[in-house]
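Asks: Construct all of the structure, not just a fragment, from the sequences and the given hints.
Read top to bottom, the protein sequences are chains A and B. Here the first sequence stands for residues 1 to 283, numbered as in this note's numbering. Here the second sequence stands for residues 1 to 167, numbered as in this note's numbering.
FYI, nobody ran anything at the bench for these hints, they're computed from the structure. Hints are supplied without guarantee of correctness; some may be wrong.
What the hints assert, rightly or not - Example chain B residues on the side facing chain A (calculated, C-beta under 10 Å, incomplete):
1) Ala72
2) Asn93
3) Pro137
What you are looking at is a predicted structure, and each value in this text was computed from that prediction instead of being measured. Ideal Cβ placement from N, Cα and C applies to all residues, glycine included.
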Amino acid sequence: MRRFSFLGRFSLGLLLLAAAVLLLALGQRAGGLRAALTRVLTPLQQFVAQQTLPLRQPGSSGAPAPVLTQVAELQERVSSLQGEVTRLRESESQRLLLAQLLKLARSNPEYSYLAAQVIGRDVSPYLQYVLVDRGRADGLLPDMPVLAADGLVGIVTEATASAAKVLLITDPTLVVNVRVQRSRVEGQLRGSGPGLLRLDFLPMEAQLEAGDQLVTSGIGGKFPPNLQAGTITSVRRRDYDVFQEADVQSAINFSNLELVLIITNFTPLDLAPLLATPAPATP
Amino acid sequence: MTQLLLGIGLLPLAALLQSSVLPHLPFPALRPDLMLVIVLAWNLARSHRDGLLWAFAGGLLLDTLSAGPFGAMLLALFVVSLTANFIGAPLWNANPLLPLLGTVAGVVMYHAIYAGVLWLWGWQLDWRAAAISVVLPAVFLDTALMLLAYPLARRIARSIALPQVSL
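Replies: Shown next, in the form of structure tokens:
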């Protein structure tokens with residue numbers, strides 16, 4: 001009897017293992033299944049994100065003051081007032097965030113923006129993505145730049161009808177062309193771990209120092225120019241290197257992103273045809 | 001039936017917590033693999049088919065909430081669960097240290113498979129940094145969580161197990 005049970009489990013195990021490998025091999029072609037699951041999970045995720053907002057905003061959690069009296073009526077009153085305080089603090093916190101985003105939007109009036117709430121982070125510890133509660137139905141498309149009040153956040157990589165995935169600039173796979181504001185030197189900014197950024201390909205003769213501000217250069221056409229990207233914290237210049245490099249600190253707290261702005265009217269340039277090497281002319 | 005309902009309730013909750021709540025805890029670098037712990041605990045405590053179905057469903061949910069290759073987390077979670085399931089609950093239950101050792105091995109295996117798939121699919125990974133800043137903390141955190149999850153899973157598994165009748 002036990003052997004039959006094991007055989008059944010063994011067969012099921014192999015079958016599901018084969019299904020897992022098949023799904024992985026199908027990749028993008030299994031996108032329909034992923035999209036269907038996303039449609040189901042997104043409303044649940046929005047609900048969880050909403051319910052856990054105080055937990056995600058430690059500064060505005062409104063931890064209850066100790067209840068000093070045991071009188072039931074007073075306890076009820078205190079708890080009611082505390083609830084009110086939490087709600088007000090939450091509103092105030094949201095208002096401040098929105099005011100900062102509005103200020104940012106006003107400082108770059110040439111762009112159209114869409115505000116989105118961060119409802120989750122990538123479950124993989126190796127990937128630096130966040131999920132936002134806006135999707136294709138709101139006009140979101142892949143490659144749209146994403147900002148927060150303190151600067152560049154990343155880029156939309158995938159959008160379903162109601163949600164989108166945003167690749168953060170702290171991910172090593174995303175390269176941002178930037179310019180040092182003071183010295184006008186250009187380099188490439190890329191992630192080097194959770195919350196960390198590194199600036200590469202800086203000429204050895206460039207004069208850089210901690211505190212220098214970085215903005216996007218617009219080179220490559222992937223991001224609009226002049227978006228705040230971070231501040232240099234230290235510079236490494238070694239005689240045997242061809243380029244110098246620098247550690248960069250973004251003003252954004254990527255682990256506590258709540259609201260972001262997505263630039264919806266920026267069209268990334270497709271430079272690939274211009275960069276392609278022309279075929280040699282045949283005699 | 002009970003285990004099916006339990007899975008339907010528990011697995012989406014674990015996936016949503018792992019995506020929306022755990023990254024915002026005071027130490028964001030310390031992110032336990034909640035889904036892995038739950039599914040592995042169930043497979044260590046109960047070597048039945050439902051453990052494999054939990055692993056498959058849990059992996060699909062994780063992949064849905066990730067931007068990585070679809071199926072990568074599923075494969076990693078499933079291989080670990082399959083191994084634990086085939087080794088069998090009687091062996092895991094033989095010594096209280098064995099489930100913890102199994103967890104350590106399972107976490108390392110899970111991350112190795114997942115990171116390996118990412119690498120094969122062309123993602124850039126700093127292996128040394130990943131080992132130090134992701135795998136090592138995950139081993140400690142997940143094993144600590146297993147101290148709670150495994151006894152709980154065993155208790156639930158025992159309560160829903162059908163009585164054995166020998167003829």
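Asks: Compare the structure with each hint and give your call.
Replies: Going through the hints against the structure:
1. For the restraint placing Ala72(B) at the interface with chain A, the shortest Cβ-Cβ distance is roughly 6 Å, inside the 10 Å limit, so the hint holds.
2. Hint status for Asn93(B) relative to chain A: violated, with the closest Cβ pair at about 16 Å, above 10 Å.
3. With 10 Å as the threshold, the beta carbon of Pro137(B) comes within range of chain A, its nearest partner Cβ sitting at about 9 Å, so the hint holds.
Checked against the numbered hints listed earlier, the structure breaks hint 2 alone; every other hint is satisfied.
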